[in-house]
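Assemble the whole structure, with the sequences as input and the hints as a guide.
Chains as they are written, first to last, in the numbering used here: chain A, 1 to 120; chain B, 1 to 350; chain C, 1 to 494.
No wet-lab data here; the hints were simulated from the structure. Among the clues, some could well be false.
Covered by chain B, per the in silico footprint, the following chain C stretches (three or more residues, Cβ under 8 Å) [stated by the list, open to error]: (1) 2–11; (2) 32–46; (3) 109–122; (4) 182–188; (5) 319–328; (6) 340–353; (7) 363–377.
Note that CB positions come from ideal geometry on N, CA and C, so glycine has one too.
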Amino acid sequence: MSWVGHYNYWVAIFLMMSGFYVVISRGNLIKKLIGLNVFSTSVFLLYISMGKIFGGTAPIINEHSQKFQLFSNPIPHVLILTAIVVGVATTAVGLALTVRINERYGTIEEDEIRAKDDSL
Amino acid sequence: MESVVDIVLLSFLCITVVAIVYIRKLFCAIMLLGIFSLLSASLFVTMDAVDVAFTEAAVGTGISSILLLSALALTHTREQRPPHQPYIALLVVVVTGAVLIYGTMDLPRFGDPNSPIHRHVAVRYIADSPHEVGPPNIVTSVLASYRGYDTLGETVVIFTAGIALVGLLGFRRRQEFKVRLYQPMDKKTSYAENSTEDGDEFEDNIKLPGANHMVLRIVGKMFIPLILLFALYVQFHGDYGPGGGFQAGVIFASGIILYALIFDVETAMRVITPKGLRLLAVAGVFIYGGVGLVCMFLGGNFLDYNVLSAHPLHGQHLGIFLIELGVGINVFAIMVIMFYTFANRKRGSV
Amino acid sequence: MSHLPILQVIIPLLAAPLCIVFNNRRIAWFVALCATWASFGVSLLIAQQVLQSGALSYDIGGWPAPWGIDYYVDSLNAFVLLIVTGISALALPYANRSVEQEIDPRSQPYFYSLLLVCLAGLLGISITGDAFNMYVFLELSSLSSYALIGMGPRRRALTAAYQYLVMGTIGATFILIGIGLLYSLTGSLNIQDISYQLHANNIIGSGNRTLLTAFAFITVGLSLKLALFPLHLWLPNAYTYAPSVITIFLASTATKVAIYMLLRFCYCVVGSESIFQLTLGQIVLLPSLAAIIVSSVVAIFQYDIKRMLAYSSIAQIGYITLGLSMSNHSGLSAAILHMFNHALMKGLLFMTMGAVSYSVGSVYLTDFRGLGRRMPFTMGAFIVGGLSLMGIPMTAGFVSKWMLVQAAIELGWWDVVILILIGSLLAVIYIWRVVETAYFNPLLELEEEEIGEAPLSLLIPMWLMVIANIYFGINSAIPVEFAQQAATLLLGGM
Numbered sequence: 001m002s003w004v005g006h007y008n009y010w011v012a013i014f015l016m017m018s019g020f021y022v023v024i025s026r027g028n029l030i031k032k033l034i035g036l037n038v039f040s041t042s043v044f045l046l047y048i049s050m051g052k053i054f055g056g057t058a059p060i061i062n063e064h065s066q067k068f069q070l071f072s073n074p075i076p077h078v079l080i081l082t083a084i085v086v087g088v089a090t091t092a093v094g095l096a097l098t099v100r101i102n103e104r105y106g107t108i109e110e111d112e113i114r115a116k117d118d119s120l
Numbered sequence: 001m002e003s004v005v006d007i008v009l010l011s012f013l014c015i016t017v018v019a020i021v022y023i024r025k026l027f028c029a030i031m032l033l034g035i036f037s038l039l040s041a042s043l044f045v046t047m048d049a050v051d052v053a054f055t056e057a058a059v060g061t062g063i064s065s066i067l068l069l070s071a072l073a074l075t076h077t078r079e080q081r082p083p084h085q086p087y088i089a090l091l092v093v094v095v096t097g098a099v100l101i102y103g104t105m106d107l108p109r110f111g112d113p114n115s116p117i118h119r120h121v122a123v124r125y126i127a128d129s130p131h132e133v134g135p136p137n138i139v140t141s142v143l144a145s146y147r148g149y150d151t152l153g154e155t156v157v158i159f160t161a162g163i164a165l166v167g168l169l170g171f172r173r174r175q176e177f178k179v180r181l182y183q184p185m186d187k188k189t190s191y192a193e194n195s196t197e198d199g200d201e202f203e204d205n206i207k208l209p210g211a212n213h214m215v216l217r218i219v220g221k222m223f224i225p226l227i228l229l230f231a232l233y234v235q236f237h238g239d240y241g242p243g244g245g246f247q248a249g250v251i252f253a254s255g256i257i258l259y260a261l262i263f264d265v266e267t268a269m270r271v272i273t274p275k276g277l278r279l280l281a282v283a284g285v286f287i288y289g290g291v292g293l294v295c296m297f298l299g300g301n302f303l304d305y306n307v308l309s310a311h312p313l314h315g316q317h318l319g320i321f322l323i324e325l326g327v328g329i330n331v332f333a334i335m336v337i338m339f340y341t342f343a344n345r346k347r348g349s350v
Numbered sequence: 001m002s003h004l005p006i007l008q009v010i011i012p013l014l015a016a017p018l019c020i021v022f023n024n025r026r027i028a029w030f031v032a033l034c035a036t037w038a039s040f041g042v043s044l045l046i047a048q049q050v051l052q053s054g055a056l057s058y059d060i061g062g063w064p065a066p067w068g069i070d071y072y073v074d075s076l077n078a079f080v081l082l083i084v085t086g087i088s089a090l091a092l093p094y095a096n097r098s099v100e101q102e103i104d105p106r107s108q109p110y111f112y113s114l115l116l117v118c119l120a121g122l123l124g125i126s127i128t129g130d131a132f133n134m135y136v137f138l139e140l141s142s143l144s145s146y147a148l149i150g151m152g153p154r155r156r157a158l159t160a161a162y163q164y165l166v167m168g169t170i171g172a173t174f175i176l177i178g179i180g181l182l183y184s185l186t187g188s189l190n191i192q193d194i195s196y197q198l199h200a201n202n203i204i205g206s207g208n209r210t211l212l213t214a215f216a217f218i219t220v221g222l223s224l225k226l227a228l229f230p231l232h233l234w235l236p237n238a239y240t241y242a243p244s245v246i247t248i249f250l251a252s253t254a255t256k257v258a259i260y261m262l263l264r265f266c267y268c269v270v271g272s273e274s275i276f277q278l279t280l281g282q283i284v285l286l287p288s289l290a291a292i293i294v295s296s297v298v299a300i301f302q303y304d305i306k307r308m309l310a311y312s313s314i315a316q317i318g319y320i321t322l323g324l325s326m327s328n329h330s331g332l333s334a335a336i337l338h339m340f341n342h343a344l345m346k347g348l349l350f351m352t353m354g355a356v357s358y359s360v361g362s363v364y365l366t367d368f369r370g371l372g373r374r375m376p377f378t379m380g381a382f383i384v385g386g387l388s389l390m391g392i393p394m395t396a397g398f399v400s401k402w403m404l405v406q407a408a409i410e411l412g413w414w415d416v417v418i419l420i421l422i423g424s425l426l427a428v429i430y431i432w433r434v435v436e437t438a439y440f441n442p443l444l445e446l447e448e449e450e451i452g453e454a455p456l457s458l459l460i461p462m463w464l465m466v467i468a469n470i471y472f473g474i475n476s477a478i479p480v481e482f483a484q485q486a487a488t489l490l491l492g493g494m
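So, in structure tokens, the structure goes:
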């Protein structure tokens, strides 16, 4: 039975789903973006968990790390570095849209925005 | 020991995320998100992902929080509605989560050295990258050389976000309105707190104390040069330890942003002009792409640094140095641009 | 060593920063124009080479495939590259006047820069052989399209862009999860290598639960991106409120590229013989049929014609995924061909919308009164596009729909055949509403203001599209050849 060794994945999944819940259940545009951030950061946790080796060390080869002989997998690290950047870029664009929406509608609540659109 | 730290951090993360779900005050939610990022960064360290931790701390805790707070200052500080359709959302989330947990059943055990991901492509990176690419930091080798093209994509992603912000928000000219002074963070807290009773409006005529805050000014003057120096260290030491162009760019930008926060945006914008930043951002992408093109003219493939010098390892070294520089310049410029576009926006302007 | 595959992407990618160097909208437009034409030229060369000598591959950074990122072009993605660059090469000349009118002059250089990034992103997705690289370029194209939609002239553009941003990011994150799970099973990110590892380690045959989940997430994520029926909510608003050029560009390219990704993942990773295709077919079949019928009905009741066409796009995507769900050779060829034809007809129709909105100011049904006389060329083009959309013989739309019907008959799915025909009838109804208003509803006396034909820079690209729609309806040998080669390739595995 291998699934006792999965707690890291499961906690990451719980965090992911909490973020996902915030995104789809909240009407506040900034709160949604916060949820998206939580969602993606937890996906990063999932990736990094895959790369971990028990007894391994950070994948930097120097005199200190020679005695370990076992390095955690560097690929997930590289992928997640890219994904973090993508995440902050998306947040920034989302915030810019939110600010503009607030200027044009005077609110950042989804239902109020919809009401204002419908009343036209 | 590792596992204990791991479990403690994971439980902290769970607590934070539950608080984020429940809290309605957006300011607190943003702060909690910062804590969430910092905790995940710590967790990344325990899982040996030092570069990722560094970036997450700089970006998730630093830049994201600043951007969110800047946007918050321009909008409303409190979520006004309870969640809509919470049950449908809950159902979707529970089903998705269940599918994912089902999917982890056949995943290799956490930390298992024999799982497929450690036995295929990664083996060559760990064994050969010191001879093939050079840098002791394998993450840097993979990031800049083996998968250097992804990093070009990443650089353009950040560039895109910057120009998207300028396209959407624009830099207002300074004559158009008096730039709102940016209050230091701690002051912003108290405004957010005070304002919750009577709606959530900032008063526009509040005297913002940033420019006259003695302690902040002195501490800032002491720290900003150190921050900039540290950024340069991170930039040029990325081959040997955690760090690299991206982190360096973010840290350098945060030095400038700190200056703008403590003194004022207008002065910062006079020193580091939007036009200059625009050109720097472009230059960053061009340095990266240019290295790739030069490789092509010298007879290699795009981004094949081996041809840059007579000795392939020297070529790799030069190539990585240059593209990290490009990334650093681009990220620095775009991060400051992002801050400017938000900071220069007047609350409620149309 | 041919550098064509990498040039395909880096020309627009590096031209994008160039657009904003001078902060001048004319220069920016000209740079964008040159870049799109150059990449169209490159894609023609690539297509020619692929047809002559088979697949091309290119190791970026000089690292061989599973270790580095490689570009891999076969007849399927050569075809997608042609669609994407072809449409953008026509959209850019069109953009000059249209953007001038719709976008704040100070933002225009940024607009063109974002447009090029979006193009580079779509091309990067289509050409790459690496799963994670695909994700990076997917985000590149999405991020720029959020901003581009948000630059639309009306305030609802902002909410549409925000909605798209949230749904698009959820979709992308799902794809990221799926790629991560695939990676954890195989240790590789290269699509061909993933497929090889899955087969070599007998992961496919054993009903691996992680593999199933990975595919579920990738499929759902991509369905969000390609606006498959119940997940299409972002699309109508995004297409309606985006600037005209962006609607033309995204409607004819972005969803096609997402469909391409779905094909690539489903057929090239798990292989054609596996049961995944059958399951996928069953899952996709119902939403596709629902898309065709429900969206067409909804389209009939729209008064904003751009919105009507957006709903029609969802229905057309339904035809494509229907072909996909048949998972046999003729169904797949029909689907791939319809990607091309849909790009042609929707590009054309949205170009006419752009022209109407340029001259009249908006595209409500009532604005079309008398336009048959006032804008004869634009409305003529609209009629050709409409005929193509309905699937009338001698137009491009007919060829692929006919192939789709044949494929359904081949499988004995008579009920599906009937539904396809009903879909076409519904298209007749919603196109007719516009034509009737334009040609048979007289103008009110009060409204005799000067509304003239759109300028030539809008009409020429539009009529080139008209010619393409008719030409590929009469002489469809080239695209059919491409589509069938691609289908053979998908069914034969990589």
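Results of checking the hints against the structure:
Coverage of the stretch 2–11 of chain C by chain B holds in this model, with 3 residues showing a Cβ closer than 8 Å to a Cβ of that chain against a need of three. Coverage of the stretch 32–46 of chain C by chain B is violated [criterion: at least 3 residues with CB-CB distance below 8 Å; count 0]. Figure legend: the stretch 109–122 of chain C, annotated as covered by chain B; annotation consistent (6 residues with Cβ-Cβ distances under 8 Å, at least 3 required). Given a C-beta distance limit of less than 8 Å, the hint that chain B covers the stretch 182–188 of chain C holds, as 6 residues qualify and 3 suffice.
Look at the stretch 319–328 of chain C against chain B: 0 of its residues bring a Cβ nearer than 8 Å to a Cβ of that chain, fewer than three, so the hint is violated. Only residues whose beta carbon comes within less than 8 Å of a beta carbon in chain B count, and the stretch 340–353 of chain C has 0; fewer than three means the coverage is violated. Only residues whose C-beta sits within less than 8 Å of a C-beta in chain B count toward coverage, and the stretch 363–377 of chain C has 0 of them, not enough to reach three; the restraint is violated.
The structure is inconsistent with the numbered hints 2, 5, 6, 7, although it conforms to all the rest.
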